[in-house]
Structures are given as C-alpha cells and as structure tokens.
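With the hints as extra help, turn the sequences into a complete structure.
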Amino acid sequence: MVITIPGYNSSAFAAALLRFPATHRRISTRFMSKTLYSTTCKTAGEAAPATAEVNTPVKKPKPWLIVGLGNPGKKYNGTRHNIGFEMVDAIAESEGISMSAVSFKALYGKGLIGNVPVMLAKPQTFMNVSGESVGAIVSYYKIPAQQVLVIYDDLDLPFAKLRLLPKGGHGGHNGMKSIMSHLKGTRDFPRLRIGIGRPPGKMDPANFVLRPFTKKECEELEFTFQTGIEAMRILLLEGFNKSATFVNSPKTLEHLG
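Residue numbers (my numbering): 3 to 259.
Keep in mind that the hints were calculated from the coordinates and are not lab data. It is possible that some hints are incorrect.
[Said to hold, decoys possible] If you anchor each label on the Cβ, the simulated ranges turn out as follows:
(1) Asn-250 <-> Lys-112: 24 to 30 Å
(2) Gln-148 <-> Ser-251: 21 to 27 Å
(3) Pro-207 <-> Ala-103: 32 to 38 Å
(4) Arg-213 <-> Lys-144: 34 to 40 Å
(5) Asp-206 <-> Gln-148: 34 to 40 Å
(6) Gly-203 <-> Ser-100: 23 to 29 Å
(7) Gly-203 <-> Ser-105: 38 to 44 Å
[Stated by the list, open to error] Capping the alpha-carbon separation at 35 Å, the derived lysine-lysine pairs in DSBU-like fashion look like this:
(8) Lys-244 <-> Lys-186
(9) Lys-62 <-> Lys-204
(10) Lys-169 <-> Lys-204
Ideal placement from N, C-alpha and C gives every residue a C-beta, glycine not left out.
See below:
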C-alpha cells in the first residue's frame, strides 16, 4: 500500500525526532517532503585529530528478523489484517531492501539497516499459520527470539496508534498464537502492534479485519508508517528502551492522535 499525501506537513514528526541522535533521523522521501539528515565535513587543511591504534576486535552486530503478518493474495491487499505486511513493505522501501526472494514459505529480503544485518519477511502461509514460516526461518538461521520483531494489527489499540512491547501473550491474535507455538512456546520476543480500531456496531471482528481502509484512514496511517520505520531503526541501532520511549511516549502519541 503506497500512500501519498500532497502537501503533507511533517513538522510535528520532525520535532519529535529531534529528541533522538541525528544518526537515527533518516526517513525515506517516500514519506516526508524533506529528508532529515546530518552532515559532517572538514574545511581544507583541517587536520584530523590524532588517534592511537587499538587492536580491539570489532564486535559484529547480531542479525535481526523483522516479520510483518498478513494474508497473501491480491484480495487481501490494503485490508486491516494486512497492515503488518504494509509496514514491512514501507521499511523495505525506506531502507532499499528488495523483497523478491521466496523461501521458508515467505516473501523476504535481506540487507543492512545502519550496520545491522536484517531479514524482512512476509509469511505466505495465511495469517493463522504464520508460525510455520517464522519458525522455519528462526530455526535455519539460529536467530534468538529476542532478535525477532513481529509487526501486526491490533483490534484493542485505537486506530493508527503504535505500541512497542518487549514480550507478551498473543492477545487472541491467531498469527501471534501460531508464532509462539512454533517458537517453542516462548513469549519473549519484541512486537510492534498497530491499532486498527474496533468494528462498528455489532459487526463480527473476523469480517472487520478483512475490510479495506478508507481514504481518510489511509491518510492517518501515513504518520504511523513514518513513526514505525523510525522506531524500528532506533530499536536495531540503539536498543529496545530508546525505541519504546520514542514510539510509546505521550508526545509521539499526541501527534498521532
């Protein structure tokens, strides 16, 4: 789902980002009219500070698996239940990662975010058995559960709101239930929940999650995707606590609301 809003004003989002290191303010021009960035330069003849050689082994960052949940097939494109797919697509586009490989019952791509190796994946098994794909990837690459970020829709969060948690239960979400089952029952992996709101009236939630977003809702989700991308970068490069502070802070949620 590609969402474009002519004249989109990103000043509130930019203000929120200024609280974080400049190295983590890289946002795709797909989402913002102006890319936030910092430059470092030296004037001609300026000498670099002397540094002593230290033979300290460089510690390689651990690889991450970032999974977006959804249902495969055109009929499900743009539906509420597929917002995990949409967020992973947004991350892939922002970071220049091609999602063209197929294996482990998933569509996936590999790349670097900063200096961190990542694998982005969209299970093609249908939502309720997502764990078949995720479990196979984790097992093959021996990825610790703490390095697996799962992104999915949440009926209990207000629409377009985000919540980053270090662990937890499945909350009735069948995709998460399947993943926990295939990760030997562990709940100890981070997850980014995206609010899709509650069904109107007496509508069956099972039908509601398969409904497409309205045009107005798509506009609201623009900022949600921006925030989710930045939260993911901070998580990988600075750690969970800083990312959670960013995405869960009242100021960020205020702008989302």
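### Task
Can you let me know if the beta-carbon spacing of Gln-148 and Ser-251 is within 21 to 27 Å?
With Cβ atoms ~23 Å apart, the hint holds.
### Task
Take the C-beta atom of Asp-206 and the C-beta atom of Gln-148, compute their distance, and say whether it sits inside 34 to 40 Å.
36 Å, holds
### Query
Taking the CB of Arg-213 and the CB of Lys-144, does the distance hold inside 34 to 40 Å?
With Cβ atoms ~39 Å apart, the hint holds.
### Query
Per the hint of 38 to 44 Å, is the separation of the Cβ atoms of Gly-203 and Ser-105 within bounds?
43 Å, holds
### Task
Assess, step by step, whether the Cα of Lys-244 is no farther than 35 Å from the Cα of Lys-186, and give holds or violated.
Since the Cα atoms of Lys-244 and Lys-186 sit roughly 28 Å apart, the hinted pair holds (cutoff 35 Å).
### Task
Could you see if the CB distance from Asn-250 to Lys-112 stays within 24 to 30 Å?
29 Å, holds
### Task
Quickly compare the C-alpha distance for Lys-169 and Lys-204 to 35 Å and report which way the hint goes.
Cα-Cα ~31 Å, so holds.
### Query
Do the Cβ positions of Pro-207 and Ala-103 conform to the proposed distance bound of 32 to 38 Å?
33 Å, holds
### Query
Does 23 to 29 Å hold as the CB distance between Gly-203 and Ser-100, or does it fail?
With Cβ atoms ~42 Å apart, the hint is violated.
### Query
Are the Cα atoms of Lys-62 and Lys-204 separated by 35 Å or less?
52 Å, violated
Hints 6, 9 from the list above are not met by this structure, while the remaining hints are.
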